[in-house]
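Throughout, the numbering used here is defined as the position within the sequence shown, counted from one, plus 2.
Because the hints were derived from the structure by calculation, they are not lab data.
The beta-carbon is built from N, C-alpha and C at its ideal position, and this holds for glycine as well.
Keep in mind that a hint or two might mislead.
To be verified - Heads up, simulated DSSO-like pairs for lysine-lysine below, C-alpha to C-alpha not over 30 Å straight-line: (1) 587 x 530; (2) 530 x 635; (3) 520 x 635; (4) 664 x 368; (5) 635 x 664; (6) 710 x 635; (7) 332 x 56; (8) 368 x 710; (9) 664 x 710; (10) 587 x 520; (11) 587 x 664; (12) 368 x 332.
Claimed, not checked - Beta-carbon label-pair distances, calculated as ranges: (13) 658 x 582: 22 to 32 Å; (14) 444 x 599: 21 to 31 Å; (15) 148 x 432: 48 to 58 Å; (16) 359 x 339: 15 to 25 Å.
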Amino acid sequence: MSYRYRIGMPLLVSSLLLSTNAATAATQDRNTLSSPTGSFSIVLLPDTQNYAEKASYDVYNHQTQWIVDHTYDRNIQYVLHLGDMTQHDTQEQWQVVDQAHTILDQAGIGYTALSGNHDLYPSDDIHARESYFTRYFGPDRFAEKPGFGGSFSDSGENTYHFLQVGGQQFLLVNLEFLPRKDVVTWANQVISDHPRHRVIVSTHAYQDYNGEHLTGWANRYNTAGREGVDLWEELVARHSNIFMTVSGHIHGTSYRQRIGNGGNVVHEILTDFQSEPVMGDGTALGNGWLRLLTFHPTDNRIEVETLSVEDGNPQIFPGGDAQFFDDYNKIAAPSDQQHNHMDYVIDFDMTAVPEYRYTPGDTLYKDRHPHRTLRGDHRAPSVAAAANGITVTAWEEDRDGDGYSQVFVRGFDEDGNALFPEVAVSPWDSVPQRDPAVATDDEGNFVVAWVMDADGDGHGRIHYRVLRADGSTGFPALLPGILASGDSGRGHGHWKPGDYWNWLDGQQRRPAIGMNDKGRFTIAWEQKGDGIHVQSFLRNGLPRFTQRNVNSTPGRHQRPSLAMSNDGHFTVAWEHDTDGDGQSKIAVRGFTDRGREHFPEITVNQVVSGTQEKPVLAMDDRGRFVVAWQDDKDGNGYYQILARGFLSDGQEWLPEFTANSKASGQQLAPALAMGPEGNFAVLWEDDNDGNGYFQIYARTFSADGSEKTVSVR
3 MSYRYRIGMP
13 LLVSSLLLST
23 NAATAATQDR
33 NTLSSPTGSF
43 SIVLLPDTQN
53 YAEKASYDVY
63 NHQTQWIVDH
73 TYDRNIQYVL
83 HLGDMTQHDT
93 QEQWQVVDQA
103 HTILDQAGIG
113 YTALSGNHDL
123 YPSDDIHARE
133 SYFTRYFGPD
143 RFAEKPGFGG
153 SFSDSGENTY
163 HFLQVGGQQF
173 LLVNLEFLPR
183 KDVVTWANQV
193 ISDHPRHRVI
203 VSTHAYQDYN
213 GEHLTGWANR
223 YNTAGREGVD
233 LWEELVARHS
243 NIFMTVSGHI
253 HGTSYRQRIG
263 NGGNVVHEIL
273 TDFQSEPVMG
283 DGTALGNGWL
293 RLLTFHPTDN
303 RIEVETLSVE
313 DGNPQIFPGG
323 DAQFFDDYNK
333 IAAPSDQQHN
343 HMDYVIDFDM
353 TAVPEYRYTP
363 GDTLYKDRHP
373 HRTLRGDHRA
383 PSVAAAANGI
393 TVTAWEEDRD
403 GDGYSQVFVR
413 GFDEDGNALF
423 PEVAVSPWDS
433 VPQRDPAVAT
443 DDEGNFVVAW
453 VMDADGDGHG
463 RIHYRVLRAD
473 GSTGFPALLP
483 GILASGDSGR
493 GHGHWKPGDY
503 WNWLDGQQRR
513 PAIGMNDKGR
523 FTIAWEQKGD
533 GIHVQSFLRN
543 GLPRFTQRNV
553 NSTPGRHQRP
563 SLAMSNDGHF
573 TVAWEHDTDG
583 DGQSKIAVRG
593 FTDRGREHFP
603 EITVNQVVSG
613 TQEKPVLAMD
623 DRGRFVVAWQ
633 DDKDGNGYYQ
643 ILARGFLSDG
653 QEWLPEFTAN
663 SKASGQQLAP
673 ALAMGPEGNF
683 AVLWEDDNDG
693 NGYFQIYART
703 FSADGSEKTV
713 SVR
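Starting from the given sequences, assemble the full structure and let the hints guide the process.
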């Protein structure tokens with residue numbers, strides 16, 4: 003059944019002429035409604051952005067009015083908006099949206115709303131996720147509506163709603179454009195808390211017109227969020243009670259049947275008509291098309307129907323006859339499991355809810371923000387991983403743009419879920435803090451070191467703090483401190499609980515840190531004018547030995563990197579220019595847990611010509627270690643990434659080799675990680691084609707130095 007447009011009487015006016023009795027009936031408890039056949043419908047309202055921008059066509063109001071007019075003959079129970087409510091996130095466009103949804107409000111029809119990329123404006127600043135959406139569709143709009151369950155935050159972009167009809171219990175979960183990991187964590191919990199509900203997940207960007215999961219959009223919009231393939235792996239596939247996903251964003255239609263981790267069938271539906279042109283050759287509008295999902299419990303099927311509320315409108319369609327002007331048949335070999343049909347039937351057993359299962363599968367996760375504040379500068383990240391899968395990230399952040407950065411830390415489980423809110427490591431928010439370094443023990447308890455000029459004398463000093471894996475400060479190792487030198491009349495009493503002490507004269511910078519499984523930790527740093535210093539500490543934060551020089555020769559020494567084994571032995575690598583010729587070399591030296599020399603200073607780079615810079619070091623469980631650095635041995639200004647491996651006693655394990663497989667262009671700033679059995683990965687900034695734009699490349703190696711996988715980007 004389609005609606006015939008009434009020429010001369012706009013539908014908004016028609017909506018205001020509803021009888022008092024009809025309006026009263028429409029606001030009754032919608033969970034009790036039923037049709038004679040027991041069937042009921044859910045409406046999919048896709049991408050209304052052009053209706054909001056080109057309001058003169060009044061299509062948005064026509065759509066919501068059609069829903070009101072057909073509430074009873076179609077037994078419409080809920081309306082799911084699929085995002086891109088506006089074109090440009092302007093107040094004028096949101097007022098159009100608000101007016102259309104007010105028609106549903108006045109009729110007491112339940113609906114959901116979620117953000118699309120066009121609702122977050124401007125698009126090149128989309129990562130900040132700021133929008134008028136909150137003003138018009140925040141939680142307050144839904145708080146008093148039947149079925150509203152709750153929201154992730156005050157923005158209202160992520161909500162859940164309940165629908166009970168005909169003995170069926172549904173949970174409607176609605177997620178923002180490219181959902182953040184914290185949102186996915188929240189959604190996982192909401193769904194797990196309702197194992198007897200059948201779940202529909204709505205989000206804006208999820209599936210394309212071929213029925214495949216979307217990729218590439220997070221990079222396009224420079225934001226850390228889940229695309230289709232990520233959302234499937236991190237949420238949808240894990241819950242056996244999720245039976246359907248609905249999405250828009252990509253102009254087209256598609257259906258794809260997938261199997262979740264628990265063996266359940268998931269029906270995934272794309273619906274988006276935003277580019278349908280007026281009269282076939284006019285402006286892109288959408289032409290009033292929407293979809294009805296009609297559930298037939300007695301027949302165990304869902305009927306998918308596509309219709310236009312502008313059927314009969316000669317201003318939209320020639321002669322008023324609704325038709326599609328675009329070709330939607332994109333799948334070359336359609337099947338019952340994957341097709342572009344407009345109208346079709348889905349088999350869906352509604353007799354009983356199967357036993358709930360949560361099956362996470364692979365816990366690898368898409369990139370995420372460790373920080374909660376998305377405005378301001380966030381720089382100098384440092385990360386450490388514990389044996390139990392916990393990772394801890396530290397960074398410096400100037401969230402208010404006053405020029406003073408603070409250092410924050412936050413921990414995550416192996417699935418990327420936050421274990422605690424971000425923690426400021428220092429109580430001072432008006433003192434510059436920079437260059438954080440972090441290390442963990444096997445359980446995820448961690449120590450963070452950073453540079454701070456607390457007394458404002460112009461000299462940065464290394465501070466440290468130890469915290470539990472849950473971010474709390476409730477056990478003895480949770481002591482703030484500053485690295486101490488000299489006696490100062492107190493011997494080892496250079497620290498006491500609650501103090502941030504400033505004992506060292508001169509400039510300290512670039513801390514590096516290691517921690518063993520027992521919680522002992524060692525910090526190395528660059529002491530201006532006096533080379534590389536190092537000091538070790540017990541679990542409770544007290545010094546194990548007084549600090550000492552790492553370098554055995556005078557000259558310029560800088561950029562230390564440190565790794566620590568479980569027996570407390572540690573190794574430090576750094577760059578130096580002891581002969582003052584302006585060209586650096588890479589050195590390494592080993593120490594016992596008491597700070598005594600384990601092996602003497604070694605020159606790491608085997609080719610001594612040119613310059614070698616920015617060393618990084620990583621160690622396996624046997625004390626074997628690899629050093630990587632950027633190397634310009636021929637002095638032409640172009641660097642390669644070189645590496646060399648050593649046994650725990652400093653003897654060569656792996657001869658010097660080039661980590662990057664493409665020798666052209668520029669390779670800079672290596673990073674290094676190593677597994678417990680000696681497998682390791684090298685990452686670096688790479689501009690091998692010389693176009694001035696750097697990509698991150700990685701290459702992995704086995705313990706014998708052979709390439710473990712192909713070079714990846």
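Comparing the hints with the structure gives:
For the suggested pair residue 587 and residue 530, the alpha carbons sit about 18 Å apart, so the restraint of at most 30 Å is met. For the hint pairing residue 530 with residue 635, the CA-to-CA distance comes to about 27 Å; that is within 30 Å, so the pair holds. For the hint pairing residue 520 with residue 635, the CA-to-CA distance comes to about 41 Å; that exceeds 30 Å, so the pair is violated. With a C-alpha separation of about 27 Å, the suggested pair residue 664 and residue 368 falls inside the 30 Å cut-off, and the hint holds.
Under the criterion of a C-alpha separation no larger than 30 Å, the hint pairing residue 635 with residue 664 is consistent with the structure, at around 16 Å. The hinted pair formed by residue 710 and residue 635 meets the criterion: a straight-line CA distance of about 27 Å does not exceed 30 Å. Proposed proximity of residue 332 and residue 56 is supported: the alpha carbons are some 28 Å apart, at most 30 Å. With a C-alpha separation of about 23 Å, the suggested pairing of residue 368 with residue 710 holds against the 30 Å cut-off.
Annotation: proposed proximity of residue 664 to residue 710 holds, straight-line Cα distance about 17 Å (limit 30 Å). Note on residue 587 and residue 520: the hinted pairing is violated, with a Cα-Cα distance of about 34 Å set against a maximum of 30 Å. Taking the CA atoms of residue 587 and residue 664, the gap is about 23 Å. The hint holds against a cut of 30 Å. Under the criterion of a C-alpha separation no larger than 30 Å, the hint pairing residue 368 with residue 332 is consistent with the structure, at around 28 Å.
Between residue 658 and residue 582 the C-beta distance comes to about 25 Å, which sits within the given range of 22 to 32 Å. Against the hinted window of 21 to 31 Å, the Cβ-Cβ separation of residue 444 and residue 599 comes to about 27 Å, which satisfies the hint. Distance hint check: the CB atoms of residue 148 and residue 432 are about 49 Å apart, consistent with the given range 48 to 58 Å. At roughly 22 Å, the beta carbons of residue 359 and residue 339 sit within the given window of 15 to 25 Å.
In this structure, the earlier hints numbered 3, 10 are contradicted, and the remaining ones agree with it.
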